[in-house]
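*Asks:* Listed below are the residues making up each chain.
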Amino acid sequence: MSLEKLNEKIRVPLTIFIYIVIILLVAGKIFGSSERAFYFVLSAMILLLLIPMFRLIYASLLLLKVGEHRSALYGLITLMLSVTAALLGLLL
Amino acid sequence: MEFHVSILLFLGAFAAGLLGPMIGLGGGFILVPMFALFFKLPFHEAVGTSLICIVATSQAFAISKRSSANTDLKLGIFLEIFTICGVIAGGLIATSLNEKILVLIFACVLTVIFSLMLRRLIKGSSADELIEGSEDLCFSKAQNYAGAGGSLAGGLMAGMLGVGGGVIKVFVLRHVMCVPFKRAAATSNFMIGITVSAGASFYLFKGLVNIGSAAPAVIGAALGAFLAGSFVHRIKSRVLEGIFLIILAYFAFRMFLDFFTLTG
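Which chain is which? The protein sequence lines are A and B, in order. Going by this note's numbering, the first residue of the first sequence is number 1, and it counts up by one from there. Going by this note's numbering, the first residue of the second sequence is number 1, and it counts up by one from there.
Hints may be right or wrong, so weigh each one.
As the list claims (entries may be wrong) - Simulated restraints, written as ranges between beta carbons of each label pair:
| # | chain 1 | residue 1 | chain 2 | residue 2 | range |
| --- | --- | --- | --- | --- | --- |
| 1 | B | 238 | A | 31 | 22 to 32 Å |
| 2 | A | 83 | B | 122 | 43 to 53 Å |
| 3 | B | 182 | A | 9 | 30 to 40 Å |
Said to hold, decoys possible - Simulated pairs of lysine-lysine, DSS-like, Cα-Cα distance not exceeding 27 Å:
| # | chain 1 | residue 1 | chain 2 | residue 2 |
| --- | --- | --- | --- | --- |
| 4 | A | 65 | B | 74 |
| 5 | A | 29 | B | 182 |
| 6 | B | 74 | A | 9 |
| 7 | A | 65 | B | 206 |
None of these hints come from the bench; they were simulated from the model. C-beta: ideal position from N, C-alpha, C; glycine also.
Please model the complete structure; the sequences and the hints are all you need to start from.
*Replies:* Written as structure tokens, this is what we have:
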């Protein structure tokens, strides 16, 4: 099976993740402006931000599997840079 | 937040999520001015909230359109290193800049996008035709550097202005790296998700995302993009481009007006 076809397999878990995000956001709106609502929405946001990262990790693992070690390393560097972006936001 | 404001945010983001991907642009060019002008968010918060919505739009559109089979993973991951460097730099620059200057930069970028789209509409060519050309792969070391530079610029734009930077990414992939259009669009979508996710996490952890406004907007943007992915081939793009142009012109005018009326 080609790399692209294997990459297509991640669609199902991603769809589930998107639905979980939407459910968490709707739950957050239902609870109004309480503290619980804030945490529901915040966790939904963080889960949403993780979805592209899951795609990146999956793609890197696929590349590693087919022997593209250099591209897999680029994927790891990209992931590290994304984490750096979040840390910079937190620290600066 | 009042209920009717949530509904308005939902509807606005839904329209942006629906219209943006159909035109071939992310929703950022609609979302940032919408948050800043209509919902009176500070510009930095409008950028952060818009980035969160674009993550939802890009992921929902990728799922519904089943475009990920065309993605060039190797190229996308390579270029993404430079794009994320651009996002980090853009975020740092934007947070150190005065709101008034950012509004001016955004208004200028909107004007450029407006003129490019107007030219495309007058010429009567669709987005695909405009970018489609030779299918020869012209991949070389020099093009690698040019592609990296273009990706850095796209990332800078995303980090500073809260847009996905898809316009630059598709242009770089198509014209500099000579990737066929469908492959370029799918690879760009894969890249946009990672780019905006990094940018949004920077803004979120810096406290520059309005959580209350983001919640209904993310739901609206995701549902709009789901729908856009299902109907993207059934609607005439020239009509949509016309609507989008009017919205862009209005927002560009209002942003310039805001620049002159903002104090500080």
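*Asks:* Evaluate each hint against the coordinates.
*Replies:* Each hint, compared with the structure:
For the pair residue 238 (chain B) and residue 31 (chain A), the beta carbons lie near 44 Å from each other, so the given range of 22 to 32 Å is not met. Taken as a hint, the range 43 to 53 Å holds for the pair residue 83 (chain A) and residue 122 (chain B), whose Cβ atoms sit roughly 45 Å apart. Residue 182 (chain B) and residue 9 (chain A) have their C-beta atoms about 20 Å apart, which leaves the hinted 30 to 40 Å range violated. This hinted pair checks out: residue 65 (chain A) and residue 74 (chain B) have alpha carbons roughly 13 Å apart, not beyond 27 Å.
At most 27 Å may separate the alpha-carbon atoms for a hinted pair to count; residue 29 (chain A) and residue 182 (chain B) exceed this at roughly 38 Å. Only pairs whose Cα atoms come within 27 Å are accepted, and residue 74 (chain B) paired with residue 9 (chain A) is accepted, the gap being roughly 17 Å. Proximity of residue 65 (chain A) to residue 206 (chain B) is assessed by CA-CA distance (about 37 Å); at most 27 Å being required, the pair is judged violated.
Violated hints, listed in ascending order, are 1, 3, 5 and 7; each of the other numbered hints is respected by the structure.
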